[in-house]
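Quick note, the sequences are listed as chains A and B, same order. FYI, the numbering for the first sequence is 16 to 148, going by this note's numbering. FYI, the numbering for the second sequence is 810 to 1109, going by this note's numbering.
Hints are supplied without guarantee of correctness; some may be wrong.
Claimed, not checked - Below, in silico cross-link-like pairs of lysine to aspartate or glutamate (EDC-like), each with a Cα-Cα straight-line distance of 16 Å or less:
#1 A/135 / A/122
#2 A/18 / A/104
#3 B/829 / B/1066
#4 A/41 / B/974
#5 B/961 / A/75
#6 A/41 / A/27
#7 B/881 / B/974
#8 B/961 / A/122
#9 B/972 / B/874
#10 B/881 / B/1023
#11 A/18 / A/34
#12 B/844 / A/27
Since the hints were made in silico from the structure, they are not lab data.
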Amino acid sequence: MAKLQVGVVSPEREIWSGEADMVIAKTVEGEIGIMPNHAPVIGVLVEGGVLRVKRDGANDLVAAVHGGFISVAANEVSILAEAAELGSEVDVAAAKDALQRAQAAIEASQDDADAQLEAKRNTARLRAAGEEV
Amino acid sequence: MGAQLRLLRRRIKSVKSTAKITRAQELIASSRIVKAQQRMQAAVPYEREITRAVTGVVSNTSSVDHPLTVAKENPSRAGVLIITSDSGFCGGFNANLLREAEALRGLLESRGIQVTPFVSGRKGVGWHAFRQREMGGQWVGFSRRPSYQDAKDIADTLIESFKAEDGIDEIHIVSTEFVSMLTQNVVVNRILPLEVVETTEAPKDGPLPYFEFEPSAGAVLDSLLPRYVESRIFSALLQSAASEEASRRRAMKSATDNANELIRVFTQQMNQVRQAEITQEISEIVGGANALADSAAGKE
């Protein structure tokens, strides 16, 4: 079966690239699963989404992806994230801490957009690291 | 010790300490260029992918009609983003940039376009503040190590004033392009409105695929184009950072060389003066001894 060539890049560095069987990402319309020979598509990713890359004979690659795009063409998948972090790179303690702070800020004032964004991002980071949130 | 000798010794000491400083700056800059170059390299994949995505979207939609791509027929106001450095000690880096920016300003004004400068880097901000030029925006503190967030801040301000009703009609960017360790060029680019180049040429790697869009072509373009502008600005910031370090290394190297040359000249002068003093002392002693001997001979 054909394989997907996947590249996860952020403006500051290339985060991961390699072969995969399936890519699951979350666009503004909902979750999208890409398998080999998928039709060309360009989608806008949500803020604080979790990206899952299924590979043969290896654990799934999970990453927290904040904003950006997914573009699929001819079995090449590029994920252009404004910021992204592999699940294995997430500092769980720091993310939990940041999430708590953000939640406290949201409780203090409902329309704190920054805090809500922060909460979303850290939830995604924790979920990417395999924590239950 | 003669006064002249003391003076020369003092100057040599001071030049030596200056040379130490410039030498240290040179070494720091050399190590930083490597890092800056690595960051430039790291940003390349994203830039390539986003350019491909933009090309994909634009070639799939029959008519590109987006606020960021529409050029006004009679532009009356322009913004110029000038990317300078935060610290000095980098030779003609900022002077060259500002000269080019002034030339661009002159050119635009001769066409009846009013220019608003947007300045990044402490040196450029100082330059504009001294001349009491009003700035549309200023950013300082990251010229050596720009992050994507910095580029985003700049892009947000620029795009906002571009979209505003009585805002600016076009945006140019004056920055330094890093060609190699020895060559850095000042370049002027127009970043907004984006130019859509229509071509009938076939793309190199086969025809572009027919994309589907989530949620829609318009929405994708809406969020893709600002990212593209951000990535262009980010790349300009990174190149500028590498160029700054390269030009600092060069300036500091010639400063160190000059200091060493000065030390050489002063040491030579000092030796001459010292030798002249010794010669004079000897001839004084000999003269004195002779005079004594003569007077002793006269008594006998």
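**Asked** Against the structure shown, which of the earlier numbered hints fail to hold, in ascending order?
**Response** Of the numbered hints, 2, 4, 5, 6, 8 and 10 do not hold.
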